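Peer 1: Listed below are the residues making up each chain.
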Amino acid sequence: IQMTQSPSTLSASVGDRVTITCRASQSVTTWLAWYQQKPGKAPNLLISKASNLESGVPSRFSGSGSGTEFALTISSLQPDDFATYYCQQYENYVTFGQGTRLEIK
Amino acid sequence: EVQLLESGGGVVQPGGSLRLSCAASGFTFSSYAMAWVRQAPGRGLERVSGISGSSTYIYHTDSVKGRFTISRDNSKNTLYLQMNNLRAEDTAVYHCAKGTLEHCSGRRCYNFDSWGQGALVTVSS
Numbered sequence: 001i002q003m004t005q006s007p008s009t010l011s012a013s014v015g016d017r018v019t020i021t022c023r024a025s026q027s028v029t030t031w032l033a034w035y036q037q038k039p040g041k042a043p044n045l046l047i048s049k050a051s052n053l054e055s056g057v058p059s060r061f062s063g064s065g066s067g068t069e070f071a072l073t074i075s076s077l078q079p080d081d082f083a084t085y086y087c088q089q090y091e092n093y094v095t096f097g098q099g100t101r102l103e104i105k
Numbered sequence: 001e002v003q004l005l006e007s008g009g010g011v012v013q014p015g016g017s018l019r020l021s022c023a024a025s026g027f028t029f030s031s032y033a034m035a036w037v038r039q040a041p042g043r044g045l046e047r048v049s050g051i052s053g054s055s056t057y058i059y060h061t062d063s064v065k066g067r068f069t070i071s072r073d074n075s076k077n078t079l080y081l082q083m084n085n086l087r088a089e090d091t092a093v094y095h096c097a098k099g100t101l102e103h104c105s106g107r108r109c110y111n112f113d114s115w116g117q118g119a120l121v122t123v124s125s
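As given, the protein sequences belong to chains A and B, one line each in that order.
Start counting the first sequence at 1; every next residue gets the next number (the working numbering).
Start counting the second sequence at 1; every next residue gets the next number (the working numbering).
Bear in mind the hints are in silico, worked out from the structure with no lab data behind them.
Model, not experiment: these values are computed from the prediction.
Every residue gets a Cβ at the ideal spot worked out from N, C-alpha and C, and that includes glycine.
Misleading hints may appear alongside valid ones.
Claimed, not checked - A few chain A residues that face chain B, going by a derived Cβ cut-off under 8 Å, partial list only:
#1 V18
#2 T19
#3 A42
#4 S48
#5 N52
#6 F61
#7 F82
#8 A83
#9 Y90
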């Protein structure tokens, strides 16, 4: 299963509401996770099962979608949120999206 | 607290070998699948190899089949990746990652709730 994220790069300001999308080449039902990665650091699991927020993850993060179309939304960007985000399907083995870099405008 | 600490990275010539290790703590190691996920410079994430908690199920991505071998020693809480016949395109940071299940159920697998900081492998002459 191919995972395609858009956009590849997103420029935004503190306080903005942003949405990153992830499209699967075939249905993954809701077996989708989102990760945040900062430069030189390990990825951090944010959301599992498409919309389940992991413990300790701020509530400004939310996930939605099912089937082939998914979204990660940050309701009000904070300085700590500028990072690269990856989706990952686990319906059919494991594949990651190519990543979306969220940068400061 | 879950901790995963990789070691064994370095610089190796094409055709050479390296063995990565990942020391795990803070959870019941044998109850969870583990994986090696690599990230080439400036690139995204790629699961290279995976292994179930009991080592019954093993996965290698096509590009490393026949060259890489994943294994684990549950008595030592340690995950390994033996890498032989290394190529320039294997250059990457290799992260070990903890799965959220003991093994895949058919094709349905798992996400990864803990990751190590990574070990840099550079293949260059």
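Peer 1: Determine for every hint whether it applies to the structure shown.
Peer 2: Each hint, compared with the structure:
no.	hint	in the structure
1	V18	violated (19 Å)
2	T19	violated (20 Å)
3	A42	holds (4 Å)
4	S48	holds (5 Å)
5	N52	violated (10 Å)
6	F61	violated (15 Å)
7	F82	violated (17 Å)
8	A83	violated (14 Å)
9	Y90	holds (4 Å)
The earlier numbered hints that this structure contradicts are 1, 2, 5, 6, 7 and 8.
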